[in-house]
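Q: Following the hints, complete the assembly by docking chain B onto the known chain H.
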Amino acid sequence: MDTFMLIGITGIGLGALYFLVASGLSLIYGLMGVLNFAHGSFLTVGAFVGLWFSTQVVHVSNTWTFIAAMIVGGLASGLFALIVERVVITRLYERHIDQALVTVGISLVVGAVLAGWFGNDLRLLPTPPWFINTVSIGSAHIPVDRFLYIAVALILLIANTALLRYSRIGLVIRAGVENRQMVAALGINVRLAFSAVFFLGGFAAGIGGVLVSAYSNGVSPLIAGTYLIYGFIVVVIGGMGSVPGSFLAAMVIGVIKQYANYYSPGLGDFVVVFLLAGVLLLRPQGLLGKVKP
Amino acid sequence: MLRWKYSRPLLGVLIILLFAAPFLGNNPLSHPGLQQTMAVAFLYGALALTYDLLFGFTGLLSFGHALFFASGMYLAVLFINHDVLVWWLAVIAAVALSTVLAIIIGSASLRTGGITFAMVTLAFAEAGHVVISRDFGGFTNGENGVALNADKVPSIFIGVFNTKYLFWISLATLVVVYFITWWITESSAGRVFAALRDNETRVAVLGLKPTRFKLLSFVIAAAMASFIGVVMLMVSGSAAPRFASADVTIALLLMVILGGAVTRWGAVIGGIVYSVASTRLQDLSQTTALHSVPKIISGPLSEPAFTLGLLFIFVVMFAPGGFSGAYYALRLRVISKK
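Keeping their order, the protein sequence lines are chains H and B.
Counting in the working numbering, the first sequence runs from 1 upward without gaps.
Counting in the working numbering, the second sequence runs from 1 upward without gaps.
Chain H on its own, in the form it takes in the complex (with noise of 0.2 Å):
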């Protein structure tokens, strides 16, 4: 009962740092057709920062710095996408063949800039000493640090429906993604969604960038690789331009992965592709995502 405790919040925390990758590519692709590969990139920008400023900024580790760390790598990434919006992507507007290549370029070149720079080898992030203490529920001792992942991309998920639900531009945002020819139609100035989408979803994707660096020990211009993949798996089976779904699917994908892990190492990937065939035959809208006319 306690190994299926752990394995279960270890499986939640695994998807809510598969939901920070998500949240983004999922918005992006809703409200402007791009299949982001440079979405990875925004993670490891986003990982650097922050161990930029954890190791060469700040000298001590403790909870505030690493939260600070966070967002100052949060808003680094967020700056990065904007930059990547702003000059590459609206010059191949509607082109989305074009703009997937552009940003497989980008991704590229991002990852030997950093690797040129600082080389392929795992470098230490510092974390809070209370990073390596358990928690006892029943039985189980289960790593504290699972539950910071979930309680960040909780945050992350409340905070990001009240800004669609309750702002303008979320409005904007979510209208854009029903129909965007229509919004533009209308007079609103969409290209400014555009760009907040792209700026929220590097700023998501950094943080996720300090988290995934504290769950596998150190940074690297690596470490975005499986997680760009299982963010492209978690929003065709959360559904596109949702980002509710895209939580939901998040943490169904990381306690399936987690539980199949455990029977039988490998396992894990191959049942989350086998999920991806049956909701792609079976519902190809994704759990959440509505049927565009």
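FYI, nobody ran anything at the bench for these hints, they're computed from the structure.
All of these numbers come straight from a predicted model, not from anything done at the bench.
Virtual Cβ for every residue (Gly too), placed ideally from N, Cα, C.
There could be a bad hint or two in this list.
Claimed, not checked - Here are the simulated distance ranges between beta carbons:
hint : chain 1 : residue 1 : chain 2 : residue 2 : range
1    : H       : Glu178    : B       : Ser188    : 39 to 45 Å
2    : B       : Arg242    : H       : Arg91     : 31 to 37 Å
3    : B       : Ile296    : H       : Ile137    : 45 to 51 Å
4    : B       : Thr211    : H       : Ile137    : 45 to 51 Å
5    : H       : Ser264    : B       : Lys152    : 29 to 35 Å
6    : B       : Leu17     : H       : Gln181    : 53 to 59 Å
What the hints assert, rightly or not - Short derived list, chain B residues pointing at chain H, Cβ under 10 Å:
hint : residue
7    : Gly59
8    : Gly114
9    : Ala127
10   : Ala246
11   : Leu254
12   : Leu301
13   : Ser302
14   : Thr307
15   : Ile313
A: Just chain B, lined up with the frame of chain H:
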């Protein structure tokens, strides 16, 4: 298409010269080192061409093409090493089974289209990569890969002295793949492929089934890729998980875009140049010329992905025809001046 009247005879002469090169006294191609490099380059040229059939001609942005390349490779090495089949039967079986795999994965992925198709094929390919690199089932030997058992294949495929045979087989593979692709793209099915790329709705309105033709293109490209994978197994001597990773498909995308899609020869040139360049750029990065430059510049420059990635972004944004597109634009200008 704009055609130069001497291009076909010249191409014929070039191919004959390449075939004869290992015999013609002391030239660069009579050395096993370059023969090996060129054999690999020809195979990537051929693989890029199969990707061009899929992406350039049919308009399917698949991120899973490497899966079939690797499945041909791994199935062949497993059949041969475990004495399941004689080597030539193993080759046929590997291609046949990879084709079946392509039919299954293609049918599932083609329920979606456009960008979603790209994501779904990526997920399938990644699952394949995980199965191979994690040694799921205990056949693939994980990250180390599987070396081809030299006793089980004819001796002309083995050894440094015999590299010239591998060079020939690779060149022959490229030529055969080129002619098959040429034949398909010029056939009536090829016209439907191009029509699907340009206007799918119109094809459907004309009463043709778009999904069926897309699947045909997907399966043909995958079958050829799996055969190229088998030849790559012979050339490199082992099957390794890196051949199954998404990086291979991304490299194919770079080859086709940089060389120029839809011209056939553009993809081949792209594949050959990319393959040679990515090894040469690595050597270049070790030269002393870079040591005098500060690390902030020399670091990225020592990574081939930096140069190739920047070039790729430039081509996608400003020169979508790639190398062959630029060539045709130049020819058009020269002709119209006359």
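Q: Are the hints correct? Go through all of them and say.
A: Structure-based check of all given hints:
no.	hint	result
1	Glu178/H / Ser188/B: 39 to 45 Å	41 Å, holds
2	Arg242/B / Arg91/H: 31 to 37 Å	34 Å, holds
3	Ile296/B / Ile137/H: 45 to 51 Å	49 Å, holds
4	Thr211/B / Ile137/H: 45 to 51 Å	50 Å, holds
5	Ser264/H / Lys152/B: 29 to 35 Å	31 Å, holds
6	Leu17/B / Gln181/H: 53 to 59 Å	56 Å, holds
7	Gly59	8 Å, holds
8	Gly114	7 Å, holds
9	Ala127	4 Å, holds
10	Ala246	7 Å, holds
11	Leu254	8 Å, holds
12	Leu301	7 Å, holds
13	Ser302	6 Å, holds
14	Thr307	8 Å, holds
15	Ile313	4 Å, holds
The structure is consistent with each of the numbered hints, conforming to all of them.
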